[in-house]
Each structure stands twice: as structure tokens, then as C-alpha cells.
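Chain by chain, the residues:
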Amino acid sequence: MKENVNELTFYQELADLMNGHPDQYETLGEVDFTLGVVMANEDGEDLRLRLRFEELGCRDVSPLPEGGESSCDCWLEGDTESWGEMFDDITANGRATGRYTINSLTLVGDHIDVKGDDPMGVDRFFRFNQTIQQFFDGAAQLAPTPA
Amino acid sequence: MALAIDESVHGLPETTPIGHPLDWSWLRGTKAEWGMKPVPGRRGLTMMDIATGAYGEVLDEPPYRSMAPRGADIDEETPDMGYILNHKSQVWADNVIELYEEAVARQWSSTRDIPWNELQELPSDIEHAMCQLCTVLTEIEMIATDLPAKWMWRMNHHFLEAKMFLSTQIMDEARHSDVFRKRALANGGGLLLSRSADESLLRSILEAKTYTQASALLHLLGEGFILDVFRQGELIAPTHVEKKIFRLSMQDEARHVAYGTMHIRQAIAADPDVADEIHEALDHGEQFLIEFGTSPVLSSALAMLLGGGAEHVEDKGFPMQSLLATKIFTSYLARCERAGVNRIDRTDLPLDLLGINLDDFDRTGA
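Chains as they are written, first to last, in the numbering used here: chain A, 1435 to 1581; chain B, 7 to 372.
None of these hints come from the bench; they were simulated from the model.
Only a predicted model underlies this, so the values are computations on that prediction, with no experimental measurement involved.
Heads up, some of the hints might be wrong.
[As the list claims (entries may be wrong)] According to the in silico footprint, chain B covers these stretches of chain A (three or more CB under 8 Å from chain B):
(1) 1456–1468
(2) 1531–1543
(3) 1556–1567
Don't be surprised by glycine CBs; every beta carbon is placed ideally from N, CA and C.
Using the sequences provided together with the hints, build the complete structure.
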């Protein structure tokens, strides 16, 4: 499993990748979406972060306090192992495949859920889904994590 | 700020060279603001940017029923176009301008943006199931073009942005009909069965008595359901080509649902009696939806894809379909709550059978 998926810097690298290649997102169109990520670690040190997508980029990657995910349009909540499996699949195949796409993971099983205080906010996850998937697929382009 | 004709322009003729009368009063500006000069943002100049001052004032009951643009100096004798939807709450949603811009920005092409040459040869049962699903989808998607088209010409032009958004919906749904028709044909398969249950649902939507009833049936019930079918489609897509088709279609559908949810909410807020009208429509619509969702053709095709082929239809396909049905109807009931329509206490949907536990259900829709 990629070892840094539970570190904020990993998501900043994904954001840098997106921001460095707006041309790859141009055909998908602009985004206005704030996505929370809640990643539960076994040691109790949960990762909570906010991804702010604007126009053709990810403008902010910042930590969230406990419960801070409620300030987002919606958030993705799952355990580190499940997130790691998703990124492993992306790294191995160049993009998420089969049931490892973020839509599929949140549709079946109970490892990663999409949650929100408002169905309208949750619906934004679907309105911008291709962009979000492409953002996560960027993991395939990041330098391999040393074992 | 009006441009003063007497200060800047003098001696203009009163008639054309052949004697027709001329009106130069537009040189004095209008009753609305002159010189607003909205500033483009990084995206460019959006409809939100220009919805300023009087131009951004959307009245509850506009004084005219013509195509004259909101904010112009409108002739008192402008003709009545016969609009019947003349109250803001009948068509408007506060997110509609944002959704219009989003729709324009996120248009895609089924010809250009789908990597058709990367389709793969699939096992015969899977290809047949995918073609059957696409046959159903290409059939039903056009309802969401026909229905707005049926009502748009009856909407007061004062609510321009709502009509513009519905125009994007029409384009979106045309593209969905297009992309699923293409997918059915593109991999060596073809169009398969069309059955009457699908048509019953479509007819009930088209025959709605009011636009708000139609919107509840289309945006809240029908498109909410299809949004979840697209989510399933993305899950069961055999290759990344189909996954992209379903993801892009899902994005479009979610915009339509967002408009409908907010529109219904505002319609009820403006006139609580509208809730009864919506309940009446949904009472019928839900029955048709159950008939449609459990149709022998659609449910068998989905089960085949969910099971990964004929071998696992029974042990994997149908159990997963049942699980997903719970999610679909939970999402629907949550959206109804958000829209201000309490269906939980009224619906005839078999909630127990669908595995929906009302005790766990958050009435905020969360």
C-alpha cells in the first residue's frame, strides 16, 4: 500500500499536479466544490483535510479539525487501508479500475462513504465526479513511494 | 447614468432618407442603470457577474408577459405572449444561474470525449446486458428533453435564466440519448428490447398537469432514479470507456436533480398548498417507477452486469441489486425531504422490502 496516503502532503502533491496541468481538466470544465476527506487510522490519528476545487484547479489543501468536515459540501470517510487499496489500484493501472473508482467505492461496501449534512452538497460529488476521479487518478503520475 | 443626447449628439434626423420615422431615445439610456460594467472573474464573464442592480432583480410577478429582456426599457404595449407560468416560484430555483454556468462549462461531446476506439470485446452475456441497458437508457433519456420543451414556451421570459438552464438540460439529455445509442452499436452489439413499462412512466411524466408536478416527477423522481442508475452503470461498467460515459452522464443528471430539488423547495415555500399537488403526482409516479425499476428486462440486465455475467446472476447480481435499491430509494426520500416534501410518512413504496429503516433516517436528508 502506498505509505503516504494518510499524509496531507500526498494530497498537496495531487493538487500541484492538477494545478500544473489545467489543460487536462479544461474539457471537463470549471469546478466549484469543497470536498472533505476523513481517513481513519488504526492508531486513532485520523487524517482530516479539506480540498477546495475552483475553476480548473485544487486551490487549497488544508487540515480540518475534528468535525470540521461539516463545513465542506460533503466528505469522503473511510479507513486508511481502503484508501490505500484505491491508490494502489490507480498506481498499478494508471487510473482507477473496476470497483476502485471513487463512485463505485462509495456506492457499494462500507469502507468509504460519501457523507454530508445536505443532499444538495452530496450531489456536488456527482456533479463534479469526473474531475474528482481524474484528480485521484493523478496518483499514478506521482513518484513511486519507497517501500 | 444616462448618456445625455443633448450633450453629446446634435442634429439627428427625425426620419430615414426614405421618410420612415426614427426613434433616437435609446441614446438617452433607459430607466435601468447605464454603466454597470460588471467585472469578469478568472472564469470570464458569468451570468452571476451580470446579475447586478436592476438586471439581477427577478420579480415574483413580472409586469409583462413578453419576450422583452429583463432590465430593458419595455414598451407598455408589448404584446402578451400567452405565458401561463408568470410567478417566480413556478419555475425558479435560487441555484439556477450557477447551474446554467456550470452546465455551459461542463458540456462534453459523445463523439470527441469518449475513447470509442478503446472499447474491448466482451463476453457475449455482458455485451448483451450492456446493450440492453443502453437500449433502455437511450429510450428514456429523451423524456427530459421533451418535458422542458413542452413547458418552456409557457414560461415568462422574465425568468430567462431558468429557461436557459432548461435549454442546457435539453442538450444534456440529447447527448445521453446519443451516447447510449452509440454504445449499444459501437461494440458489435445493437439495440435490444423496448417494453411497455418504460413508456408508462414516461407518459405519466409528460402528462403532468402543472410544471411543478412535472418537475417533481422528472427532476426529483425520474432523474434522481436515473442518477443512481448511472452511478450503478459506472460501478458495473466493463471497461474505462463505459465508466467515462456513465460518469459524464452522472454529472449532467446531478445538475438537473439539483435544479429540481431547489425549485420544488421554493415552490412549496411560496405556496404550501403546492405540496399536495406534488404529493399527488409522486403517489402515481412512484408506482410507475417501481414498475419501471423492477421491469423484467431492466432488472435482469442490471443483475447480469452486477453479477459479472450469467454465472453469478443469482448469487451476486440480484443480492447486489437489492442492496443498491435500498440506496436509490434512500437517496430519493432524502432529496424529497430536502425539497420540503415529506414522502416518508405518505409513500406507498415498500420501505420494509427495500430495507429502508425509518428509525435511522435523518429527516434533514443527511
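We went through each hint and held it up to the structure:
1. 1456–1468: Contact hint for the stretch 1456–1468 of chain A vs chain B: holds, 5 residues under 8 Å.
2. 1531–1543: It holds: at least three residues are needed, and the stretch 1531–1543 of chain A offers 7 whose Cβ sits within less than 8 Å of chain B.
3. 1556–1567: holds (count 8)
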